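Undergrad: Each chain, written out:
There are 2 protein chains.
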Amino acid sequence: MSVDGEPSKDIHRPDHPSSVGWVAHQRVELFNDNPLNLEAGGSLSSVITEYETYGLLNSKRNNAVLILHALTGDAHVAGWDSAPEGDLREYRKFKPGWWDQMVGPSKAIDTDRFFVVCGNVLGSCYGTVGPSSVNPKTNKAWGLSFPVVTVGDWARHQAALLDYLGLDYVQCVLGGSMGGQVALELALAYPERFKGLIILSAGHRVTTQGLAFNAVGRRAILTDSNFNNGDYYDGPRPLSGLAAARMMAQITYLSEESMGHKFGRRLRGKDSPDFTLTGVEFEMESYLNHQADSFVKRYDANSYLYLTRAMDYYDAAAKWGGGILAETAAIIQARTLMVSFSSDWLFPPDLCRELVSAMCLARRPVSYVNIPSRYGHDAFLVETEQVRRLIHGFLATNAL
Amino acid sequence: MSVDGEPSKDIHRPDHPSSVGWVAHQRVELFNDNPLNLEAGGSLSSVITEYETYGLLNSKRNNAVLILHALTGDAHVAGWDSAPEGDLREYRKFKPGWWDQMVGPSKAIDTDRFFVVCGNVLGSCYGTVGPSSVNPKTNKAWGLSFPVVTVGDWARHQAALLDYLGLDYVQCVLGGSMGGQVALELALAYPERFKGLIILSAGHRVTTQGLAFNAVGRRAILTDSNFNNGDYYDGPRPLSGLAAARMMAQITYLSEESMGHKFGRRLRGKDSPDFTLTGVEFEMESYLNHQADSFVKRYDANSYLYLTRAMDYYDAAAKWGGGILAETAAIIQARTLMVSFSSDWLFPPDLCRELVSAMCLARRPVSYVNIPSRYGHDAFLVETEQVRRLIHGFLATNAL
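Residue numbers (this note's numbering), protein chains in the order written: chain A, 1 to 400; chain B, 1001 to 1400.
Derived from the structure by calculation, the hints contain no laboratory data. Remember, predicted model here, so these are calculated numbers, not experimental data. Even for Gly, the Cβ is constructed at its ideal location relative to N, Cα and C. Warning: the hint list may mix true and false statements.
Said to hold, decoys possible - Below 25 Å or equal to it, Euclidean Cα-Cα: the simulated PhoX-like pairs (lysine-lysine) are: (1) B:Lys1297 to B:Lys1095; (2) B:Lys1270 to A:Lys319; (3) B:Lys1262 to A:Lys319; (4) B:Lys1297 to B:Lys1140; (5) A:Lys270 to B:Lys1319; (6) B:Lys1060 to B:Lys1195; (7) A:Lys262 to B:Lys1319; (8) A:Lys140 to A:Lys297; (9) A:Lys95 to A:Lys297; (10) A:Lys319 to A:Lys195; (11) A:Lys60 to A:Lys195; (12) A:Lys270 to A:Lys95.
Unchecked claim - Computed, partial: chain B to chain A, Cβ under 8 Å: (13) Leu1088; (14) Val1148; (15) Leu1222; (16) Glu1256; (17) Phe1263; (18) Leu1305; (19) Arg1309; (20) Met1311; (21) Glu1354.
In isolation and in its complexed conformation, chain A is listed as follows (with noise of 0.2 Å):
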């Protein structure tokens, strides 16, 4: 399944031997004895957190893969959801999780040998405790009273959910976009218990494009009618703002060569316009049209707020190395492998580049490839056959 929705062509259904089958999402409550203290000030305990697991652990306990999801993703990235809830039910019938075609038995992140690990983070809208989620002691839901949480906050959540697995030591993290960032922070905040290291399409910072997109998507959703400062759970919601949020991302998330080759200038329908302002007109249109309404039904607008402030504020090098990146680089004691798209204009090669040579001269151990592809950012989950490879190959050598 790609990043805007659409299954691809070569699903397993839930009883292929390289399916993980039916999957059942797990939930734990972390930090019950000790809080979690945010970056940002304030602390959360008692944090609900969304899961899921493939495969089976080892003996020696030494065979885990963590993956961390991206913006708008989940904990469900393999098989099919046997049971799934609220807004999900409609989502989830006709696909399985959000990276299928990477995990299971015999596929590259084999679930033959690996115990597959993946956790909602915090401030999400998909298990994990968030904005939407009901605060204990108002019987409310929390909307905007929900602590700002960073991508900091995100790596020692996600190291709590390992703790409480048992798994001291994986042998991988990896993630692409959002997932990049946690799990490039989590390589650097435990640099002794991730093995390997992969990063897909994600630096460690925004572009300040990507800045600005982030901005006016929020402010598309702040200056909805409907957005009532955040406390838009018992009334309508701001589901407009959140569309124009979710239509602009989705340009970023392709590029004007696959846009061009996949609708150009085709029109909707018909082969002369009807010269309207507020209807469709073109494939393009449409598109967007479609993918905006599809996406206001499964997330939640304060989530979509938190987390992408949260990519914002992350800059590795300011946090680790005094700015330098280098310095940063020098952490790190996984294997790496970055991986960028020649055509991804959100985290642009030349960006994942700077992290890959500030590697190089920290003396790190880092592979980087750049897949020649027309998929923009999107490309990390459409090019699967190559991203496939290279993961595949890294785990093998990573075993070793």
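Given the structure of chain A, go ahead and fit chain B onto it with the hints provided.
TA: Just chain B now, kept in the frame of chain A:
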């Protein structure tokens, strides 16, 4: 002044010998006898049209230069508005016309030699009739009852203005961005009327990505709770939607390089973040907010819908060459100068080169310059020195 409304450093005050000085907008009713039949159907008569002129028409009436303005521009190209009206009072107080660096005595478009004309396009909110004008039949603002207009209609409207001014023959027609589209259309629709054609940062169509951004901008306006199907002139206006549209568009006018250079990750007036979801953290955000807030004071949301839609629809190859660009290009008789900017991703150099190639194939006289610049689409208004030299040189040889 750049597209983003910031005055450049070399502003000429009205008493400067290179300024055209204080100027007054002029208005004329066109299509009084025969209505303007519109491409999308319907017609308009008694079309109130705002324009400005600078310099003197010579006795042969052959020294005219026609300038077309961009999406949010107007007929006030040069000099200082002696009597700004309504919302423009504040906006125009401290700055001359939008291309003052280029137009004036001894400037690139030398008003000692040329009679310079610029007419505001149909559908705009700057004097020419548009959705915010009062429909004399109803005594109410047109709103969405204003007919859909196209680039073809704009060209015929501009030609009628030339007719009114008695200008059968024009030395050069030129424009940037949307203005470049209109200039191209004029050279196609009236091939013998224009001796020269200069297109800056524009092309024979918008990209698919351009269609997409325009669609998101319009959706933000259409879903603003104050939009009221375009009938908002007596109540609160859809400023939030218009602001979001403008902020997003503003990103497409710049480049990652220019934004990175100007703003990077700098925080706004502080050394460490406030960790706020609703407030401003980064300079980049503050800039976009400022852009949006000043834009919504001077622009009409309905006009934004009409003008972006017209840009979407324009496809010179489909209209003039049965889809074949070389056949379209063969129609052009004007000596042509095409200028693109290396970092422009709204009208990227590759797109500009399509028209240049087609003109070469059709053996039409075309020169092409791709100016290395980090300023993105804005470059056509920012790279003043390079653009000045090109236009000056072109007009000098054009007059031979």
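Undergrad: Hints first: check each against the structure and report whether it holds.
TA: Hints and how they fare:
no. : hint                   : verdict
1   : B:Lys1297 to B:Lys1095 : holds (16 Å)
2   : B:Lys1270 to A:Lys319  : holds (17 Å)
3   : B:Lys1262 to A:Lys319  : holds (22 Å)
4   : B:Lys1297 to B:Lys1140 : holds (21 Å)
5   : A:Lys270 to B:Lys1319  : holds (17 Å)
6   : B:Lys1060 to B:Lys1195 : holds (15 Å)
7   : A:Lys262 to B:Lys1319  : holds (22 Å)
8   : A:Lys140 to A:Lys297   : holds (21 Å)
9   : A:Lys95 to A:Lys297    : holds (16 Å)
10  : A:Lys319 to A:Lys195   : holds (22 Å)
11  : A:Lys60 to A:Lys195    : holds (15 Å)
12  : A:Lys270 to A:Lys95    : violated (30 Å)
13  : Leu1088                : violated (25 Å)
14  : Val1148                : holds (4 Å)
15  : Leu1222                : holds (6 Å)
16  : Glu1256                : holds (4 Å)
17  : Phe1263                : holds (6 Å)
18  : Leu1305                : holds (5 Å)
19  : Arg1309                : holds (6 Å)
20  : Met1311                : violated (12 Å)
21  : Glu1354                : violated (12 Å)
When the structure is compared with the earlier hints, violations turn up for hints 12, 13, 20 and 21 and for no others.
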